[in-house]
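Asker: Could you slot chains H and U onto chain E? The hints should help.
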Amino acid sequence: MGLGNFLKIFTPKDRVFYSLFEEVMGNLQKMSSVLIQALNEANRTERDRLLRMLDDLEHQNDEVTHRIFIELGRNFITPFDREDIHSLATALDDVADYTWGTAKRILNYQVDEVDDVMREFSIIIDKCISMLHTGVHELRNMRNLKAITDACVGINSLENEADDLFDKATVSLFSSLSMNPIELIKRKDLYQEMEIVTDKCEDAANVIESIIVKYS
Amino acid sequence: MGLGNFLKIFTPKDRVFYSLFEEVMGNLQKMSSVLIQALNEANRTERDRLLRMLDDLEHQNDEVTHRIFIELGRNFITPFDREDIHSLATALDDVADYTWGTAKRILNYQVDEVDDVMREFSIIIDKCISMLHTGVHELRNMRNLKAITDACVGINSLENEADDLFDKATVSLFSSLSMNPIELIKRKDLYQEMEIVTDKCEDAANVIESIIVKYS
Amino acid sequence: MGLGNFLKIFTPKDRVFYSLFEEVMGNLQKMSSVLIQALNEANRTERDRLLRMLDDLEHQNDEVTHRIFIELGRNFITPFDREDIHSLATALDDVADYTWGTAKRILNYQVDEVDDVMREFSIIIDKCISMLHTGVHELRNMRNLKAITDACVGINSLENEADDLFDKATVSLFSSLSMNPIELIKRKDLYQEMEIVTDKCEDAANVIESIIVKYS
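Protein chains in written order, with my numbering: chain E, 1 to 216; chain H, 1 to 216; chain U, 1 to 216.
Here chain E stands alone, though its shape is the one from the complex:
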């Protein structure tokens, strides 16, 4: 019996959600750091190997999310509103989906050169996920509400930063007179996918905020 299963048996039923959400967050942190690593890898074979790792990580995340939904169906008692647990799990699952969606597009579109815009996005995404980790972790005891609020505010401002980056990058794509249309399609699509990752982080932060409004 793994340590995980051992702990689970002795965990009060409603506590299982905290562990599952922390598992999701651990996974998302791995995903964003692999993404950064890939976007800074000069060797294309190695870059593509790293990007493909995100597929597995996304699958692992699907499994944990699925377990959250199963527990939600089984447990009469939940630590906070059922619909909030559902929304939070869905938003975090979307973060994983769109992160893998980004990697998949780089692979499928056979992007030759990763650009600075993509690298900047990956750093914003990594910061968002790190703040989400704090927010989710602190939900467990609710002792440090300020840390949760700060994390949510931080994610909101990072999402604005991602919006501005997207706008600047789009203007630049459409002002370049020599831009090849297929190259434009690739980059526009990729930037958009990365911007959506930060939107989904904000969605998760909004759920966390609404949880602490109710329980504080």
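Hints were generated in silico from the structure; no laboratory data involved. In this text, all values refer to a predicted model and were calculated from it rather than measured experimentally. A few of these clues could be false.
For chains that are exact copies, the list does not tell them apart, and a pair is met inside one copy or across any two.
[Said to hold, decoys possible] DSS-like mimics (lysine-lysine), calculated; alpha carbons at most 27 Å apart, straight line:
hint	residue 1	residue 2
1	Lys104	Lys146
2	Lys104	Lys214
3	Lys104	Lys188
4	Lys146	Lys188
5	Lys188	Lys168
6	Lys186	Lys214
7	Lys186	Lys104
8	Lys104	Lys168
Answerer: The following block gives chains H and U in isolation, referenced to the frame of chain E:
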């Protein structure tokens, strides 16, 4: 103390939602009329200034929507189903988001010439929002159910009109043999964004309809 | 009085949902078989006539979905969680929307030649819908849980197949050096729309799975 806050204190708790929804509707009406004005402005600097105003209006709308969610967390008593309040606020927030999304695309894609399709869309959007205003306003006393139903039916038929406009415009984009692909991308994206505004208006109308089905 | 209305009167209130969901499934099965037929039709006028039939079928589906929501508002007793009924109806409505969305794109983009990728997608979609039909049908008596689970597992694996097909097709679009950008836009968009149909089938399967977890 502003008049708004003064009134709020003397408003029974569950009545606060009507005022907040009316605030949202006032904002949306401003947004659609600024959009029409911008799309009919020949001077590009002035056009872009008007389009940028929609950013502020969208932010203001975010704030009111946020207040609706906060009140929803606080109030035990709500005038209609909590989930309906949540869905209506979300749909109206989406109307604001996609309206600003339209303006943002015109700015970011540096659209030289606004075309008739965009202007037609802006008029349909304005009509939808005006009907939504009626629907939301009449929810307050529920005395004029026919006015609410008529508004919802009207929005559904305007959404069909927007669909047809989108189809015709798409056919025309893809039949033009001399069409520059980057120009096609811009217009296709813009028409789609404007069509989604009317979809979101229809979503809001559907929520309103389901509210009156339950309470009539 | 039609046979449908006659039966309805003698149906216990909460049973009406099963009949409505079966009506939806009958409609979706018609849609996917008309789509396959259209994509294998050599004569373009006849192909377009078949594609346009999907518009009517989608409208019919909207009506039934609407009736499900109305019943949900009226009925205090529902055979399973209200939110599950709502989510299932929404997911199935999305299946119809994106199926018609596929047909509409072929018409609006004036696609000259339907390709093998589109035909493969249409077969996957048809299989998904046939499995959904089994799942929905068996919900009525809950006697054959294994058949329901098998259908859900089958849909999940078909959705993975659709993902792989989409990836392969995208790689091929972006590796072709002679690809016309407007042609690429058309096909990319069409493949995506068809892939979303299978996503929505999976959403529906996930709701069905969560229903049987709770009631078994």
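Asker: Each hint should be assessed against the structure and marked as holding or not.
Answerer: Now the hints, each set against the structure:
1. With identical chains, the CA atoms of lysine 104 and lysine 146 are never at most 27 Å apart, being 37 Å at best within one copy and 34 Å at best between copies.
2. Taking CA atoms no more than 27 Å apart as the test, lysine 104 paired with lysine 214 passes in neither setting, with 38 Å inside one copy and 35 Å between copies.
3. Taking the shortest alpha-carbon separations for lysine 104 and lysine 188, both the intra-copy value of 15 Å and the inter-copy value of 15 Å come in at or below 27 Å.
4. Within a single copy, lysine 146 and lysine 188 get their C-alpha atoms no closer than 37 Å, and across copies no closer than 45 Å, so neither meets the 27 Å cut-off.
5. When the C-alpha separation of lysine 188 and lysine 168 is checked against a cutoff of 27 Å, the pair qualifies both within a copy, at 12 Å, and between copies, at 21 Å.
6. Taking the closest pair of Cα atoms, lysine 186 and lysine 214 never come within 27 Å of each other, the shortest separation being 43 Å inside a single copy and 44 Å across copies.
7. In this assembly of identical chains, lysine 186 and lysine 104 lie within 27 Å of each other by CA distance both inside one copy and across copies; the values are 12 Å within and 20 Å between.
8. Within a single copy, lysine 104 and lysine 168 get their C-alpha atoms as close as 24 Å, and across copies as close as 11 Å, so both meet the 27 Å cut-off.
Checked against the numbered hints given earlier, this structure breaks hints 1, 2, 4, 6; the rest are met.
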